[in-house]
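Colleague: Please model the entire structure based on the sequences and the hints provided.
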Amino acid sequence: WDSVASGEEALAMMATGQPDLALCDIQLAGAMDGVALSEILQERFDIPVVFLTAHADVVTLERAKRVQPFGYIVKPFQEKDLHVSLEVAIARHEAEQNLRAIATKDRELREIKARFLGTAVHDIRNPLATIALAADMLRHSLAGATSDRQDRYFQRIENSVESIRTLLDEVLDLNRLESEQLAFTPVPVDVVRLCEALIEEVQENAGDRYRLTLCAPIALDPIELDEVLMQRILSNLLSNAVKYSPAGGPVNLELIWESGWLVLQVRDRGIGITPEAQEKIFQAFQRGPTSATFRARVWG
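In our numbering, the protein residues as written are 1 to 300.
Because the hints were derived from the structure by calculation, they are not lab data.
Think of the CB as a built atom: it goes at the ideal place given N, C-alpha and C, for glycine as much as any other residue.
Worth double-checking, as some hints may not be accurate.
[Claimed, not checked] The list that follows gives simulated cross-link-like pairs (lysine-lysine, DSS-like), each with its CA atoms no further than 27 Å apart: (1) K75 with K65; (2) K280 with K113; (3) K243 with K280; (4) K80 with K65.
[Stated by the list, open to error] Computed spacing ranges between beta-carbons, pair by pair: (5) K280 with D20: 41 to 47 Å; (6) L61 with D20: 54 to 60 Å; (7) F184 with P127: 29 to 35 Å.
Modeller: Rendered as structure tokens:
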């Protein structure tokens, strides 16, 4: 144990070595009191502080609480109580250091993952763009000389390229979300017009076996939301409704205005989602069973 009478002397000691813990009185000799010294020791040197003082008034306690000490012992005290307080303070400080180290490591791993995914997506986009360009050039070079079957193949290439691009965008969005870098840019959006365009787009790709409809209020003012994110969300919901309704049938998108909230519901006549899968529906990379033997349900 080394003891000093003032805060200035305590800070001077830091040049020769740092203690595991500081036992500090509120009242010290010199211009600096114990509360100010504690703040410096914890912020600059990461040293836990336990106050040992005869001052127990409300004002002193409030000042001490603001610097978040690792203990507060009022004189007179029992030696065993002091020993227990010091042991607990050191153990708590070590635990906090471990948690900070884990958080730092986790942040570093997320940054590495974000850089890797960003590079991987970029490297995938380049050959994907080449495929799309080559298919488009081939199709135009054969203009008027292709069969219906060849046209279907070209359309499949275009649809597959677009699906992969959408998947890459979703991977990047999830990556940005996990690294807290996903931008949210709300702007006034005509939600009805947005939904009409999505319904038309999904209907073109779905074919005649499906009937996509939109039910919306006659008048709906523009709403502040992120148009890109909303478009991706609804596009996924509608595409999945078609994908998991193998027998065809109606797919309905309904807009409901309730007490200042806009509720969007997608309904289909597909295989539904099992109760077990519903519990994991908001977890990343979860996939429910797709057996057509499940009883048909309607999900909103």
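Colleague: If I claimed the Cβ atoms of F184 and P127 lie 29 to 35 Å apart, would that claim hold in this structure?
Modeller: The hinted range 29 to 35 Å holds for F184 and P127, with Cβ atoms some 31 Å apart.
Colleague: Taking the CB of L61 and the CB of D20, does the distance hold inside 54 to 60 Å?
Modeller: Distance hint for L61, D20 is violated at roughly 25 Å.
Colleague: Need the status of pair K80, K65: alpha-carbon distance at most 27 Å?
Modeller: Status holds; Cα separation ~24 Å.
Colleague: For the pair supplied as a hint, K75 and K65, confirm whether the alpha-carbon distance does not exceed 27 Å.
Modeller: 18 Å, holds
Colleague: Given the proposed pairing of K243 with K280, does the C-alpha separation stay at or below 27 Å?
Modeller: OK: K243 and K280 at ~20 Å, within 27 Å.
Colleague: Is K280 close enough to K113, meaning Cα to Cα at most 27 Å?
Modeller: 23 Å, holds
Colleague: 41 to 47 Å was suggested as the range; check whether the CB atoms of K280 and D20 agree with it.
Modeller: For D20 against K280, whose Cβ atoms are near 45 Å apart, the range 41 to 47 Å holds.
The structure shown violates just one earlier hint, number 6.
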